[in-house]
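Now for the letters of each chain:
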Amino acid sequence: MMAQAPQSKEISIRQLAMTFESAEGESVEALHPIDLEIAAGEFVALVGPSGCGKSTILNILAGFLKPTGGQALVGGEPIKKPSIDRGVVFQDYALFPWLNIIDNVSFGLERMGVGKKERNEIAAEYLATVGLQEFERKKPSELSGGMKQRAAIARVFATDPSIILMDEPFGALDALTRRFLQHQLLEIWQKHKKTIIFVTHSVQEAVYLADRVLVMTARPGRIKMDNRIELPYPREFTTKGFRDHEKLIYDVLDEELAKSFDLESKGRFGD
Amino acid sequence: MTLIRLVLPYLYAAVAIVAVWQATVTLTNAHVAILPPPALAAQTFIELVSTGELFVHIRASLSRVIAAWGLSALVAVPLGLAMGRWRRFENIVDPVVELFRPISPLAWIPLAILWFGISEAGKIFIIFVATFFPILLNTVSGVKGVDKVLIRAGQVLGCEDEWSLFRKVILPAAMPTIIVGFRIAFGTGWAAIIAAELVAAQSGLGYLIADGMEILRSDLVMVGMVVIGVLGVLIDSVFRVISKHHDWGT
Ligand SMILES: Nc1ncnc2c1ncn2[C@@H]1O[C@H](COP(=O)(O)OP(=O)(O)OP(=O)(O)O)[C@@H](O)[C@H]1O
Ligand SMILES: [Mg+2]
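Chains as they are written, first to last, in the numbering used here: chain A, 9 to 279; chain B, 290 to 539.
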């Protein structure tokens with residue numbers, strides 16, 4: 009049924025740095041040179057204090073932003089501009105409100121030149137995977153937040169990208185919907201084995217989902233901890249192994265949070 | 290049911306207007322040439338309908354407005370898309386637009402006659418002026434208002450060049466605002482038929498009014514005004530229905 013064999017690629021981040029110039033001419037160092045290797049098919053969660061540069065990394069990988077130093081390679085190729093080969097799931101869904109759900113999911117397939125009949129079949133298949141087969145003809149405005157995000161997940165998997173970037177995709181959802189979507193995401197990832205980078209503020213979510221949890225420092229962001237989670241799926245929040253990982257990550261994170269509050273208050277009140 | 294609910298407010302308004310109109314005539318004892326009673330205007334209306342003359346005027350006015358409005362859309366939409374998308378282009382064009390915008394269509398009458406003589410083109414030009422700015426400004430704000438995240442979503446879903454992004458994301462996202470511009474522009478264009486047909490016209494609702502004034506037939510003036518008002522409301526409601534179709538909710 010699939011249009012092509014599922015694929016995924018590795019990511020190499022080499023001395024990647026980003027300094028923003030604000031309108032007033034001040035410069036903000038968002039990323040301190042970062043080195044990072046992510047294997048094909050790996051599920052990596054990225055956590056860190058607010059403003060540490062998580063979205064910046066994702067935006068560079070997506071091709072929305074040009075780094076001011078170093079480079080990022082996907083499958084050995086440097087990133088030049090946004091591409092359908094690098095899918096993105098946005099926090100606020102970013103469904104096209106003028107298209108119904110199935111047309112949203114088949115949007116990328118149409119751009120790839122897949123014929124109408126085939127792309128509708130593929131889209132319907134992915135919508136069924138996320139349990140939205142009944143809502144194919146509905147407009148996004150008729151769906152709840154959780155359903156919209158499921159549609160957005162179906163849309164990104166439907167184009168079979170090599171990597172998928174997710175920036176707090178479940179951040180706006182209630183706890184129950186969130187649990188349900190985490191579960192669905194894991195299922196679809198285990199089936200297709202995409203390389204995923206998943207930004208979250210929830211340590212629990214990170215440990216529940218990822219092969220590897222990267223903890224970033226306060227701004228300027230660097231990778232402070234690379235925690236491999238070897239617990240088997242499906243994971244239980246209550247097991248000792250799970251708790252141990254959480255504790256390890258929180259300890260590092262707390263240190264950085266303190267620093268980032270320090271940084272913020274300094275910025276606000278002067279020194 | 291819904292039709293009745295739509296029409297009813299206008300019926301009330303019509304009854305109120307006619308009542309005030311009749312009361313004014315009765316109380317002031319106005320001369321027919323100054324303010325004809327509603328009954329006389331109604332009689333003139335029926336005459337104009339039965340001879341078919343009214344439809345000639347309506348068709349003349351309507352086709353001018355449609356032509357001018359279509360022309361405006363052809364120029365203003367691409368210009369507005371470009372202005373909304375490219376900041377530097379907007380910075381160049383916007384001051385020019387802002388300088389022309391306050392100039393009423395009426396002020397263009399002399400130049401329209403000098404440039405186009407008494408031909409149809411001059412009249413269309415004046416209505417063009419009246420319809421151009423609402424379409425342009427709405428297109429610009431529609432494009433600027435497109436959610437940045439939708440543009441990014443388009444880019445990572447295969448709209449890798451500017452043109453496909455325009456066609457598949459920016460234009461549809463801006464469409465509701467552009468349609469509002471079309472609707473407002475049709476209204477301002479329709480209101481400008483007087484200005485357009487004031488000079489050297491042989492037909493049209495504006496002509497009917499101007500001619501009525503010249504030959505002291507205020508009943509003709511009133512019929513012209515009423516028909517402009519009623520058709521204006523009808524056309525606007527057609528646009529409302531169309532824009533409902535393009536309103537995808539939020
Ligand atoms: N376009 C920009 N211009 C100037 N500074 C920016 C810009 N984008 C981000 N920054 C700054 O870079 C830093 C990192 O921002 P980023 O959005 O990557 O943080 P984040 O880790 O995603 O934060 P959060 O968890 O709150 O989403 C912040 O200090 C932010 O203010
Ligand atoms: Mg962020």
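Because the hints were derived from the structure by calculation, they are not lab data. On a predicted model such as this, the values are computed, not experimentally measured, just so you know. Just to be clear, a hint being listed does not mean it is correct.
Cross-link-like lysine to aspartate or glutamate pairs, in silico, EDC-like; alpha carbons within 16 Å at most [as the list claims (entries may be wrong)]:
1) A:Lys255 x A:Asp270
2) A:Lys89 x B:Glu379
3) B:Lys433 x B:Asp383
4) A:Lys147 x A:Asp111
5) A:Lys74 x A:Glu37
6) A:Lys199 x A:Glu45
7) B:Lys437 x B:Glu451
8) A:Lys89 x B:Asp450
9) A:Lys232 x A:Asp182
10) A:Lys232 x A:Glu244
11) B:Lys457 x A:Glu118
12) A:Lys201 x A:Asp93
13) A:Lys199 x A:Glu133
14) B:Lys457 x A:Glu18
15) A:Lys125 x A:Asp100
16) A:Lys88 x B:Asp450
17) A:Lys17 x A:Glu133
18) A:Lys146 x A:Asp111
19) B:Lys437 x A:Glu238
20) A:Lys124 x A:Asp111
21) B:Lys457 x B:Asp436
22) A:Lys232 x A:Glu45
23) A:Lys248 x A:Glu238
24) A:Lys147 x B:Glu451
25) B:Lys433 x B:Glu379
26) A:Lys146 x B:Asp536
27) A:Lys17 x A:Glu85
28) A:Lys89 x B:Glu451
29) A:Lys201 x A:Asp219
30) A:Lys88 x B:Glu449
Part of the chain B face toward chain A, derived, beta carbon under 7 Å [to be verified]:
31) Lys437
32) Val438
33) Leu439
34) Gln444
35) Trp537
So these bits of chain A aren't anywhere near chain B, every CB distance computed over 12 Å [stated by the list, open to error]:
36) Asp93
37) Gly95
38) Val96
39) Asn108
40) Gly121
Every residue, glycine too, gets a C-beta built ideally from N, C-alpha and C.
Structure-based check of each hint:
{"no.": "1", "hint": "A:Lys255 x A:Asp270", "verdict": "violated (23 Å)"}
{"no.": "2", "hint": "A:Lys89 x B:Glu379", "verdict": "violated (25 Å)"}
{"no.": "3", "hint": "B:Lys433 x B:Asp383", "verdict": "holds (14 Å)"}
{"no.": "4", "hint": "A:Lys147 x A:Asp111", "verdict": "holds (10 Å)"}
{"no.": "5", "hint": "A:Lys74 x A:Glu37", "verdict": "holds (14 Å)"}
{"no.": "6", "hint": "A:Lys199 x A:Glu45", "verdict": "violated (23 Å)"}
{"no.": "7", "hint": "B:Lys437 x B:Glu451", "verdict": "holds (14 Å)"}
{"no.": "8", "hint": "A:Lys89 x B:Asp450", "verdict": "holds (10 Å)"}
{"no.": "9", "hint": "A:Lys232 x A:Asp182", "verdict": "violated (29 Å)"}
{"no.": "10", "hint": "A:Lys232 x A:Glu244", "verdict": "violated (26 Å)"}
{"no.": "11", "hint": "B:Lys457 x A:Glu118", "verdict": "holds (11 Å)"}
{"no.": "12", "hint": "A:Lys201 x A:Asp93", "verdict": "holds (15 Å)"}
{"no.": "13", "hint": "A:Lys199 x A:Glu133", "verdict": "holds (13 Å)"}
{"no.": "14", "hint": "B:Lys457 x A:Glu18", "verdict": "violated (30 Å)"}
{"no.": "15", "hint": "A:Lys125 x A:Asp100", "verdict": "violated (29 Å)"}
{"no.": "16", "hint": "A:Lys88 x B:Asp450", "verdict": "holds (13 Å)"}
{"no.": "17", "hint": "A:Lys17 x A:Glu133", "verdict": "violated (23 Å)"}
{"no.": "18", "hint": "A:Lys146 x A:Asp111", "verdict": "holds (10 Å)"}
{"no.": "19", "hint": "B:Lys437 x A:Glu238", "verdict": "violated (38 Å)"}
{"no.": "20", "hint": "A:Lys124 x A:Asp111", "verdict": "holds (10 Å)"}
{"no.": "21", "hint": "B:Lys457 x B:Asp436", "verdict": "holds (14 Å)"}
{"no.": "22", "hint": "A:Lys232 x A:Glu45", "verdict": "holds (14 Å)"}
{"no.": "23", "hint": "A:Lys248 x A:Glu238", "verdict": "holds (13 Å)"}
{"no.": "24", "hint": "A:Lys147 x B:Glu451", "verdict": "violated (26 Å)"}
{"no.": "25", "hint": "B:Lys433 x B:Glu379", "verdict": "holds (11 Å)"}
{"no.": "26", "hint": "A:Lys146 x B:Asp536", "verdict": "holds (14 Å)"}
{"no.": "27", "hint": "A:Lys17 x A:Glu85", "verdict": "holds (10 Å)"}
{"no.": "28", "hint": "A:Lys89 x B:Glu451", "verdict": "holds (12 Å)"}
{"no.": "29", "hint": "A:Lys201 x A:Asp219", "verdict": "holds (12 Å)"}
{"no.": "30", "hint": "A:Lys88 x B:Glu449", "verdict": "holds (11 Å)"}
{"no.": "31", "hint": "Lys437", "verdict": "violated (9 Å)"}
{"no.": "32", "hint": "Val438", "verdict": "holds (5 Å)"}
{"no.": "33", "hint": "Leu439", "verdict": "holds (6 Å)"}
{"no.": "34", "hint": "Gln444", "verdict": "holds (4 Å)"}
{"no.": "35", "hint": "Trp537", "verdict": "holds (5 Å)"}
{"no.": "36", "hint": "Asp93", "verdict": "violated (9 Å)"}
{"no.": "37", "hint": "Gly95", "verdict": "violated (6 Å)"}
{"no.": "38", "hint": "Val96", "verdict": "violated (5 Å)"}
{"no.": "39", "hint": "Asn108", "verdict": "violated (10 Å)"}
{"no.": "40", "hint": "Gly121", "verdict": "violated (9 Å)"}
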